[in-house]
Every structure is written in C-alpha cells, then in structure tokens.
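Student: In order, the protein sequences belong to chains A and B.
Position in the first sequence (first residue = 1) + 2 = my numbering.
Position in the second sequence (first residue = 1) + 87 = my numbering.
It is possible that some hints are incorrect.
To be verified - Think about it this way: if two alpha-carbon atoms lie no more than 20 Å apart in a straight line, the pair counts; the simulated SDA-like pairs of lysine to any residue are:
id : chain 1 : residue 1 : chain 2 : residue 2
1  : B       : K121      : A       : D14
2  : A       : K108      : B       : I114
3  : B       : K93       : A       : L61
Calculated directly from the structure, the hints in this document are not laboratory data.
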Amino acid sequence: MKIQILVVEDDDLSRLSLVSIVSQIANVKEARTAKEAIELFEKHHFDLAFLDLDLEKELAGLNLIAPAKKKGVYSVVLSGREEDEHVAKAYHLGCEDYLIKPFTSKALELVIRKFELTKNQGVLREFFSKQYVTQDEGLINDLQAIKEAIISDRPVLLTGETGTGKTMVAKLIHELQYRTAENFVHLSCAELPENLLESELFGYEKGAFTGAEKKKRGLLEMASGGTLFLDEVATMPMGLQKKFLRVIEEKSFYPLGSEKKVTTTFRLITATCDDLKDLVERKEFREDLFFRIEGFNIHLKPLKERRDDIPLLLKHFMQRGVRRVVLSPEVSEAMYRYSWPGNVRQLSKVVELLRTKERGVVSLDDLPPYVRSQTTGESPTGKVVPTHQFDIVKQKGLPELFNLVEEEVVEHFFTVNEGKVRQTLKDLQCSNATFYRVMERIKKKKESAV
Amino acid sequence: MNPTHKHEMNSGLSSLLQALNVINDGIVDREKEKQMIAMALAKVQALIGLWEEIKREAP
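Please take these sequences and the hints and turn them into a complete structure.
Tutor: Right, dumping it as structure tokens:
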C-alpha cells in the first residue's frame, strides 16, 4: 500500500517540486496554509508530512508539528533557516527530521527511507523471531546497525563464521531498502576460478575469449539499481580486486571484449568469514578496496557464543513441515553443548536429518557421531582423550587411535564446510597432502564397509 | 537589505534551485517539466522585481 503524504508549502514552485518527487512513491495531498493543513489532518490519514517552516506567517509551520504528532504523523520540517534556535525548537516540538532548502532528491529519499524504517520496526522484530531467530541482546544490538545501513548508501561489510546468516541479513537490508526482493544479485567469490569470476561480474561480448559464443550481461550491470552481494569477498583474486575497485570508484566498466562503457549504480554488500584487516596486513587483500567496502561493519556472532538461542532454533527448525518428531532430553542437552562450527546452517541440517529418522522420539544414537562424541565441547576431565577411547588403544594400538581421530576431525570439518576444501584446510591448519591422505583413507574405509 | 527582503530573496532562490534539481534529476514528465519551467521563469521575474526594490531602498 502506498504511503500517504501531506505537503504543506506556500511557495507554488517549491510545492510542485516536492510533490513531483514524492508522488512517485506515495499518495500526496497539498496545503498552502497552516489552516488548510489542519483541516486536512482532521479529514484524512497521513503517514508523513513535509512542513514548510514559513507559511502565510513566519514560522507558522512550527504550529503544525504538535497537531501532526497528535495524529501520529511523522513530520519533516523544510526550511531555508539554518539557525540552531529554529532547528532546536522544531525538534523540541516533536518533528522527526529537519531539511535545509534547497535539498536534492537523494536527501529526500534518505528521509523517506528513515521514515519507512521507523514504520517497519515490526518487520525487524519479525525478522528476529521468525527468520534470524535470536534473543541474544548483544547480537540484536549489533544488528541495529542494519537500520543505519538502510538510511545510507554506504557499503555494508558482513563478517562472521560460515553459517551465521550473512546472506539472510544481506537480503533483509536489500528488501528493506528497495521494498522488493528483486534486483538482489548474489555471487560467492569462492565458488568460481578467477577467469570465470571476472566474466560473471563484467560480462562479455561474443568472441571475447574461447567459448564466448554469445554476448552475456555481467552481474555488475544486472545489479544496477539494486544490490550486489559479494560473498566470500576475501577470496577475490588480487588482480580482480583492482578492477573491481575501479568499478566502485567510476561507477562504470567495460565488459570483456567490449569497447562500450557500461554505467552501473548498486548498493554494495560484501561478506567474509576471514579477518580482512589481517589479510590486508599480510598483503593478501588490497587495502584501498578494504577501505571502500568497509562502510557499515556488521558482525554476526557464532552460535557457540549465543548458546541460549539453540533451544529456540531447535524449536524453530523442528516445527518445519508436517511430520513431528520429539527430541529426547539427552539429545537436546547434547545439541546445546555441541560447539556448532558450521553454526545455524549446520544445526538446521542436523535437525533436518533427525526429522527423517524412523522413530518419533529421537535418541542420542540418532545424532551424527561428531555431535554425539562432543557433548561437552571439551572432555569433562579437562583431558583431550575421553577414557573410553583407551579401549581402542588396547585393542588396535595407539597409531589406529590417531588414525581414527584424524579421520573423524577431517570428515567433521569437511562436512561442516559443505565440501569446501579451502575453508576446511584453513580450519584444520594442515597441509593439502595430509588432508588428501586422510580423505583417501576415509574413502577406502567407506568402500570396504559397503 | 532588510530582514524581510533578505528572507524573500533566500526563499525565492532556494525555491528556484529546488526546481532545477528536480528538473535535472529527470524524474518528472515533459508536461510537468514545462509547468515547472514556466513557474521558474515567473519566479525569476519576481526576484528581479524584488532586487530592483532592494536597490531602490538601499542607502
């Protein structure tokens, strides 16, 4: 539904200018005098009112702030007067914003976005209860930066471990800003090799390179007028970082093999699970690009730092679909204590798995081994190896226990990272050779088990 | 310049600039653009008149 706006302005040209801008997104009524405005406030409902400070009498607009507030109307004062005493008085009387004339369409757009965000507090509340399920006060406070991000065009950098919901937050910012889910262009830089990543972003002309059989629009062009969400931005190759920086600065680019410049304007949201500052120090990420994408930094806490959300999330995921299963108290306890390196995404996948179990009451045996074996996050005795593992040493020897530990740990991180080798190697902090040697052993064991 | 003249001049110029911003942004249709240009020209005339008056009153 379109918002209802009242424009109160005695100058015909100013009024027409303002109405021309806001009528594109709202139903607008106009008043020339304070008296007309009061009558319209009585007869109609308005969400937002633009009040000129000087109407038929100087400062007459101030007298409209209180009636607007009484009717629950969000009021914005427009004035050429910059003196602090007038600004302070308008705010004291209850106006929400004060714009100095002449203002640009952009400034007006930001004011309207701020108004919509205030109106949409319910949307944020619903987001925290139904989508990004959390009651963690610290995280909710951190996510308040979303509000500031929406009323600005500065870039947003989302940081947090894998599975913490960075894509979900990026989509929310886009939807609140543009009032639509369309024009949200998402690309994970880690998924494609450098040359493919470049052609996806920039697009290409027919014959630009071997295999370019027809012209293709790039994501930079497709995101114009909307949001470009670059996930895993830390994995963007250095050469491409330089080209991408130029696009951000010049708001234009040349598709591969093309001599025709394409202009583009998009809201940039980037995400990473790496420490970009650290990468900059190690010269693995361009400092100039880091400064350009930093903007609003929103950090999403890992699940292990907000364990009290685990029962809420379990309830949330268990209620999906029509088939209901129940978790035994031991299962709930084990899941509460598990460290969830893959965060909410991993939790959701485990719940999905449990919901397909034959029995309606899920027991500890139904849990994946890596959750079952790590019920406390660490051994209660403070020792690395639980005592029951000593039996394996007795039966099969110490080398076999090492092998089992290696296999379980490697398989765990490989699953949690959804088969992403680079991230798994980073978590394991081991060499490629070790990783592939253990993976080969796991494969052989699985084959022999079949 | 007396305070009333000063306020009228500021307000008129601000109104003109505001209209120019909107026209430059290209967000209005041709018909409305014509209407705004006509009003802007009238505003320019009024401001010239105001300027003459200010000059006459100047010491």
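Student: Determine for every hint whether it applies to the structure shown.
Tutor: Hint check:
| no. | hint | in the structure |
| --- | --- | --- |
| 1 | B/K121 to A/D14 | holds, 14 Å |
| 2 | A/K108 to B/I114 | holds, 12 Å |
| 3 | B/K93 to A/L61 | holds, 15 Å |
Every hint from the earlier list agrees with this structure, and none is contradicted.
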